[in-house]
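Keeping their order, the protein sequence lines are chains A and B.
Numbering (this note's numbering) for the first sequence: 152 to 523.
Numbering (this note's numbering) for the second sequence: 152 to 523.
These are calculated hints, taken from the structure and not from any lab test.
Warning: the hint list may mix true and false statements.
Since the list gives no way to pick one copy over another, a pair counts as held whenever it fits inside one copy or between any two copies.
As the list claims (entries may be wrong) - Straight-line distance between alpha carbons at most 20 Å, and here's what the computed EDC-like set of lysine to aspartate or glutamate pairs gives: (1) Lys-487 / Glu-203; (2) Lys-487 / Glu-407; (3) Lys-487 / Asp-409; (4) Lys-487 / Glu-472; (5) Lys-487 / Glu-202; (6) Lys-487 / Asp-390; (7) Lys-405 / Glu-462; (8) Lys-487 / Asp-248; (9) Lys-405 / Glu-467; (10) Lys-405 / Asp-390; (11) Lys-405 / Glu-466; (12) Lys-361 / Glu-265; (13) Lys-487 / Glu-466; (14) Lys-405 / Glu-484; (15) Lys-438 / Glu-208; (16) Lys-487 / Glu-303; (17) Lys-361 / Asp-409; (18) Lys-487 / Asp-469; (19) Lys-487 / Glu-324; (20) Lys-361 / Glu-324; (21) Lys-405 / Asp-248.
Letter by letter, the chains look like this.
There are 2 protein chains.
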Amino acid sequence: MPGKRSRPTPASFEPVRETLTNRPPPKTVAIETISWRGDHVRMIDQTRLPEERVEIEIRTVPEMVEAIRALRIRGAPAIGIAGAMGLVAALHPHRDDESEAFLEALEGYASELEVARPTAVNLAWAIGRMRRVAEEHADMAPAALWERLEDEALAIHAEDLAMSRRIGEAAQEVIASHSGILTHCNAGGLATSGLGTALACAYVAHEQGKRIRVFADETRPLLQGSRLTAWELMQAGIDVTVICDDTTAATMAKGEIDLVIVGADRVAANGDAANKIGTYGVAILAKEHGIPFYVAAPRTTFDFALRTGAEIPIEERDPVEVTAGFGRRTAPEGVKVYSPAFDVTPARYVTGFITDAGLVRPPYEETLQVLR
Amino acid sequence: MPGKRSRPTPASFEPVRETLTNRPPPKTVAIETISWRGDHVRMIDQTRLPEERVEIEIRTVPEMVEAIRALRIRGAPAIGIAGAMGLVAALHPHRDDESEAFLEALEGYASELEVARPTAVNLAWAIGRMRRVAEEHADMAPAALWERLEDEALAIHAEDLAMSRRIGEAAQEVIASHSGILTHCNAGGLATSGLGTALACAYVAHEQGKRIRVFADETRPLLQGSRLTAWELMQAGIDVTVICDDTTAATMAKGEIDLVIVGADRVAANGDAANKIGTYGVAILAKEHGIPFYVAAPRTTFDFALRTGAEIPIEERDPVEVTAGFGRRTAPEGVKVYSPAFDVTPARYVTGFITDAGLVRPPYEETLQVLR
Numbered sequence: 152m153p154g155k156r157s158r159p160t161p162a163s164f165e166p167v168r169e170t171l172t173n174r175p176p177p178k179t180v181a182i183e184t185i186s187w188r189g190d191h192v193r194m195i196d197q198t199r200l201p202e203e204r205v206e207i208e209i210r211t212v213p214e215m216v217e218a219i220r221a222l223r224i225r226g227a228p229a230i231g232i233a234g235a236m237g238l239v240a241a242l243h244p245h246r247d248d249e250s251e252a253f254l255e256a257l258e259g260y261a262s263e264l265e266v267a268r269p270t271a272v273n274l275a276w277a278i279g280r281m282r283r284v285a286e287e288h289a290d291m292a293p294a295a296l297w298e299r300l301e302d303e304a305l306a307i308h309a310e311d312l313a314m315s316r317r318i319g320e321a322a323q324e325v326i327a328s329h330s331g332i333l334t335h336c337n338a339g340g341l342a343t344s345g346l347g348t349a350l351a352c353a354y355v356a357h358e359q360g361k362r363i364r365v366f367a368d369e370t371r372p373l374l375q376g377s378r379l380t381a382w383e384l385m386q387a388g389i390d391v392t393v394i395c396d397d398t399t400a401a402t403m404a405k406g407e408i409d410l411v412i413v414g415a416d417r418v419a420a421n422g423d424a425a426n427k428i429g430t431y432g433v434a435i436l437a438k439e440h441g442i443p444f445y446v447a448a449p450r451t452t453f454d455f456a457l458r459t460g461a462e463i464p465i466e467e468r469d470p471v472e473v474t475a476g477f478g479r480r481t482a483p484e485g486v487k488v489y490s491p492a493f494d495v496t497p498a499r500y501v502t503g504f505i506t507d508a509g510l511v512r513p514p515y516e517e518t519l520q521v522l523r
Numbered sequence: 152m153p154g155k156r157s158r159p160t161p162a163s164f165e166p167v168r169e170t171l172t173n174r175p176p177p178k179t180v181a182i183e184t185i186s187w188r189g190d191h192v193r194m195i196d197q198t199r200l201p202e203e204r205v206e207i208e209i210r211t212v213p214e215m216v217e218a219i220r221a222l223r224i225r226g227a228p229a230i231g232i233a234g235a236m237g238l239v240a241a242l243h244p245h246r247d248d249e250s251e252a253f254l255e256a257l258e259g260y261a262s263e264l265e266v267a268r269p270t271a272v273n274l275a276w277a278i279g280r281m282r283r284v285a286e287e288h289a290d291m292a293p294a295a296l297w298e299r300l301e302d303e304a305l306a307i308h309a310e311d312l313a314m315s316r317r318i319g320e321a322a323q324e325v326i327a328s329h330s331g332i333l334t335h336c337n338a339g340g341l342a343t344s345g346l347g348t349a350l351a352c353a354y355v356a357h358e359q360g361k362r363i364r365v366f367a368d369e370t371r372p373l374l375q376g377s378r379l380t381a382w383e384l385m386q387a388g389i390d391v392t393v394i395c396d397d398t399t400a401a402t403m404a405k406g407e408i409d410l411v412i413v414g415a416d417r418v419a420a421n422g423d424a425a426n427k428i429g430t431y432g433v434a435i436l437a438k439e440h441g442i443p444f445y446v447a448a449p450r451t452t453f454d455f456a457l458r459t460g461a462e463i464p465i466e467e468r469d470p471v472e473v474t475a476g477f478g479r480r481t482a483p484e485g486v487k488v489y490s491p492a493f494d495v496t497p498a499r500y501v502t503g504f505i506t507d508a509g510l511v512r513p514p515y516e517e518t519l520q521v522l523r
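Using the sequences provided together with the hints, build the complete structure.
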């Protein structure tokens, strides 16, 4: 779950919008994880990956709630975009309603959407942002207000894409041509508007003609690395190799890896970074092999309310994902399982943070302050 | 594939037989991986684990060859025992044959059995040992010679069990009561006569009343940790917890692990140890957390013909084990995969070798000489 935002601060999105108008449109987007089609939402059904690429069309709130709950779309930033677009799609048939009926429908849909998944803060944040637009423009005729809401949903999408691109660009000073990049889990386009955080670094390097090779840790138990990261990089024509999580050390020893780039779910004020389980081990292996270890994350991922990583709560996953995760029993009935969803990488293992505000290096207690 | 012997030296088995007569019989054997039943072989069909425990009876060479090829029995020591016992079972109906016919049958069966799996040196070694017994006693009547061969097969089994037990006992000086032990792959009873190498240390600790907790790395791609290690430890009533390979570092950071014990496939003269892929990474994580890292292996695993681990050849596994290992596609069609079967842990990470000749500590260039 890359990019889960702990402290959504709408203010931090303002400069992004400004930047958007100042720069040429992105050259390539690897995949269209989610897109707006005038009156409905189109998105890749991620539960069907990597077996087949199926796109689904969403026009109603129940359809969108089901898609979010069933993980057809996942990744905190992507879910935020889905919520906003889903709201606009559901309101499309109401454009000719009376103002009161339109606002009533909006409120009903918003309440259903914002609770589709409780942990992804972005969803509640995006719906909240749509609500505020409606409140500010409550005097508009429904048809005009609907267009204003459509603009807002598109802005949320565009801002996310711009954030990803700035992360990708900030990474280029540490990515040499002919680099081997290791990543863990999927901090990619499928979790966001299409470029991702850790993978944005690879996409931009590829666009710039750098000859990169990406090694994707499989990432048990849910295999986001082999199922999603490998899939989206192949779509973009980037050289990708899948390795099991216990093959990372041997791959580093072989000299294949020049740098590691991972995402983050939450970063404490001192630079301790929570991310998908296994990230901490990769950081240790990188240190032992003298390989730089970078964390790519937007400013919204930094939670200055937490002094250190020890304060980050770690949830545990359902043991069945380990004992019978792929439809077949792979461990004895009733065996004990320890399956935390995340681990915390202490700041001392992090060579640098690649953010939408640029590259940040130690000492983090000081340098991270620019992200506040 | 724990305990694959690179240099089978029958001489090294002699002292074991002597020890066998000097000590009381083993108190407990965790599981009967393979046993002799008077005229046939009985063994656990490991392809059915952990879903169900099914025992199969083997009376003919084609049955045994199929069982070995299909991995119903695996692990180099166990396959050696299976080959010898399979030969005796197949010869049972020939006890009343003329001498020449008996020896002809023996030679035919032996040639078929010894090539059932080419890489496990123990199989060719065990069959060779049976052949030499037949040559030495070619003047015996077939019924008497058959009994002599039966004795030899039982001796191979008993020697393996004694070897395991001596490894288990040698480990006790480094296992405190209330220890958390991490292991990788299955260097257990299922790979040997019933006690294993790394797991023998846990079985003996358990017998001695130590309150141990074992953490079993799942061990992708073939999941020997979750499928086999967890299963056999549960059978023995030992507290076992399965973790994904990317959860090892977090489990260590949590303070759950007091020591690591793994098996080895081959150890070079300088102490560099080849074992199942992932072992090297576990060794680095152990070092970073200040956790001792032990390799449990019989003397026959040490290959003094190899100066360092760089000379150990590493085979690669079939990519399909990574891309669709659970009967379901988990990575995109056609994706590149790097899947070495083993890695090499440099000697500097090994706190000690737990062998059937006792505990060996650095400097290995000197201390390992006692195993020659």
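What hints, given by number in increasing order, does this structure fail?
8, 12, 14, 15, 16, 19, 21
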